[in-house]
Amino acid sequence: MSAPSVARSRVLPAVLGWGTLAFSIVAIEGLIRAGLINRFIVPMPSEILLAFPRIVSEESVLSRFMLTIAEAFSASFLVAIFGIAGGVLLHRFNLLRQATETWVAALAAAPLVLIYPLYLVIFGRSATTIVMMGFTAGLAPTVLKTLEGLSATRRVLVDVGRSFNLTPAQQFWKILFPSALPTIFVGLRLGLIFALINIVGVEFLINFGGLGQLINELAERYDLAGTYAAICFVVLVSVCVFVLMERLERWLRPVD
Amino acid sequence: MAAMSTPSQRLAASAEAASARPILVVDDIVKRFETPDGVLTAVDHVSFTVKPGEFVSLIGPSGCGKSTLFNVIGGLLDGYQGSVSVAGERLAGPHAAIGMIFQEESTFPWRTVIDNVAFPLELAGLSKAERYARARHFVELVGLDGFERRYPSQLSGGMRQRVSMARTLAASPKILLMDEPFAALDEQTRLLLGDKVLQIQQELKQTTLLITHNITEAVQLSDRVLVMTYRPGRLKREVAIELPRPRTSEIVSSEAFGRYVAQIWGDLREEASRGLRDDEKHKRASDHA
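Just so you know, the sequences run in chain order W and G.
One gets this note's numbering by counting positions in the first sequence from 1 and adding 10 to each.
One gets this note's numbering by counting positions in the second sequence from 1 and adding 562 to each.
Hints are computed from structural coordinates only; laboratory data are not their basis.
As the structure is a computational prediction, the values presented were derived from the model and not from experiment.
Cβ coordinates follow ideal geometry from the N, Cα and C atoms, glycine included.
Careful: at least some of the hints might be erroneous.
Claimed, not checked - Residues of chain W clear of chain G, computed beta-carbon distances all greater than 12 Å: (1) Pro23; (2) Phe62; (3) Ser67; (4) Arg172; (5) Asp233; (6) Leu254; (7) Val265.
Claimed, not checked - Just so you have them, the derived chain W footprint on chain G, three or more residues with Cβ under 8 Å: (8) 592-604; (9) 654-667.
To be verified - To give an idea of the chain G side of the interface with chain W (calculated C-beta under 8 Å), a few residues: (10) Gly641; (11) Phe670; (12) Phe709; (13) Tyr713; (14) Ser715; (15) Leu717; (16) Gly719.
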């Protein structure tokens with residue numbers, strides 16, 4: 011591929027992505043101004059834009075953003091450590107897998123946010139409750155996808171390892187784990203989506219801490235533009251976590 | 563055609579091989595499997611030896627137990643009768659003396675060509691500089707210089723098999739054990755890779771045991787071809803291939819080559835027909851069931 015075509019192949023998707031976003035914003039603005047969308051349900055993008063300086067100066071959104079992102083990273087770290095370890099355990103011990111895989115799958119589909127009162131009793135109205143809620147919600151998909159990735163390792167790769175007389179630890183770190191990495195990262199992404207939803211949701215529900223609490227307060231005041239501006243910061247948290255995840259994946263496995 | 567050895571050179575080479583002690587001894591191997599239809603004997607009292615530097619092929623129809631034998635010799639399968647010894651040492655499981663190349667594509671997709679080839683050297687604890695220097699030699703040997711930084715997904719099937727071969731050779735095994743390594747490739751690529759194997763074998767004097775169902779490949783590459791029967795797998799005949807070395811794929815057009823192919827096909831045809839009839843019988847039985 012020639013240099014200009016390589017540059018084009020990199021620039022075009024970005025231009026298309028940002029262009030679509032800009033077009034959507036302008037279209038929504040136009041539809042609201044034309045009265046086709048009720049401005050008391052969806053605020054105008056221009057109003058949301060104007061609300062940003064206000065929520066930064068008056069609502070300390072940056073410190074709340076930092077709190078939510080810290081909770082998200084803490085939960086992500088716990089999900090990665092315990093989720094991957096859980097998947098490895100189920101892969102290693104077949105009896106354990108047979109005994110619990112269905113339960114873990116059921117847990118992944120359960121509305122775990124409903125257990126927040128229990129966590130409130132255990133951890134109090136604190137960031138720990140929020141982090142633990144995020145961790146609990148993200149655990150099951152990470153366990154399941156780790157298990158799936160390890161189980162899907164091609165038999166011939168395991169045989170190559172055996173032919174080189176690898177120890178069980180070498181077999182895991184040099185063959186099973188790198189082979190399963192793409193699927194493990196799918197699980198981590200799913201887990202982090204669940205974790206982030208629960209983190210912001212529980213902040214909202216228990217009216218504590220970061221962006222969830224701010225969104226709750228702004229919604230209570232019927233400050234729609236401010237509420238949507240705060241939601242943009244939640245999206246930013248998500249973007250930060252996912253960019254970091256992607257970097258980590260590229261570093262661990264540069265090409266698939 | 564490449565330069566042929568003189569009759570006296572060939573005589574000297576065969577006398578040397580004949581006088582050498584076998585490096586691989588496969589002694590009276592019997593392997594049975596439990597199946598829903600009862601006990602299946604896949605390999606039945608198979609014995610043979612391979613001398614240092616020799617290239618031996620095991621050929622047989624599908625279902626003759628070739629791959630079972632490959633796994634037994636490579637130490638990937640246990641629960642068999644008999645023994646496998648390398649240089650006098652009886653094997654119990656995978657062993658560094660035997661380097662395996664698999665039929666299925668087996669490069670590590672997350673490693674570059676050079677890192678794939680350096681894999682056994684990494685296991686041996688060599689420094690990065692040292693293992694890369696040695697890996698580069700094997701990359702060049704299989705003709706992949708210039709592709710060191712590529713990932714397997716950026717290579718063709720034939721190139722990937724050469725990466726697997728270089729990786730196995732980098733471990734300096736006493737015996738190279740190959741299970742139909744070119745089975746998934748087209749005929750032309752297969753012949754050209756055969757040339758590469760011949761060149762490598764000549765350069766390294768690598769003792770090689772090739773498991774295959776391809777008669778042309780077996781005759782092109784081997785000093786001896788061991789023909790197996792259809793289930794249960796037994797050795798039916800041993801054919802010494804007295805074609806001159808060094809060889810290239812051009813030899814496939816020679817009259818002598820054609821005679822060897824015809825001779826081996828004569829032995830195999832009956833076995834392959836039995837296999838075909840057996841398959842049809844099973845298919846009919848399963849259709850009735």
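Chain G versus Phe62(W) - minimum CB to CB distance exceeding 12 Å, so not interface: Fine: 42 Å to the nearest Cβ keeps Phe62(W) off the interface.
Coverage assertion for the stretch 592-604 of chain G with respect to chain W, Cβ distance below 8 Å, three residues required: Three-residue rule not met by the stretch 592-604 of chain G, so violated; n is 0.
Check on Leu254(W) being off the interface with chain G, judged by Cβ distance over 12 Å: Non-interface label on Leu254(W) holds, nearest chain G Cβ at 20 Å vs cutoff 12 Å.
Check of the stretch 654-667 of chain G against chain W for coverage (Cβ-Cβ below 8 Å, three residues minimum): Our answer is that it holds, as 10 residues pass the Cβ test (under 8 Å) against chain W, meeting three.
Hint check: 8 Å Cβ-Cβ cutoff, Tyr713(G) to chain W: holds, 4 Å
Cβ separation check - Val265(W) to all of chain G, threshold 12 Å: Given a closest Cβ separation of 4 Å, the condition is violated.
Given hint Gly641(G) near chain W, where the shortest CB pair must fall under 8 Å: Hint violated; Gly641(G) Cβ to chain W Cβ min 15 Å, cut 8 Å.
Supplied contact hint for Gly719(G), tested at 8 Å Cβ to chain W: Since chain W brings no Cβ nearer than about 14 Å to Gly719(G), farther than 8 Å, the hint is violated.
Nearest-CB test (12 Å) between chain G and Arg172(W): violated, 5 Å
Check on Asp233(W) being off the interface with chain G, judged by Cβ distance over 12 Å: holds, 49 Å
Hint check: 8 Å Cβ-Cβ cutoff, Ser715(G) to chain W: holds, 6 Å
Non-interface claim for Pro23(W), where every Cβ of chain G lies beyond 12 Å: holds, 21 Å
Violated hints, in rising order: 4, 7, 8, 10, 12, 15 and 16; the structure is consistent with all others.
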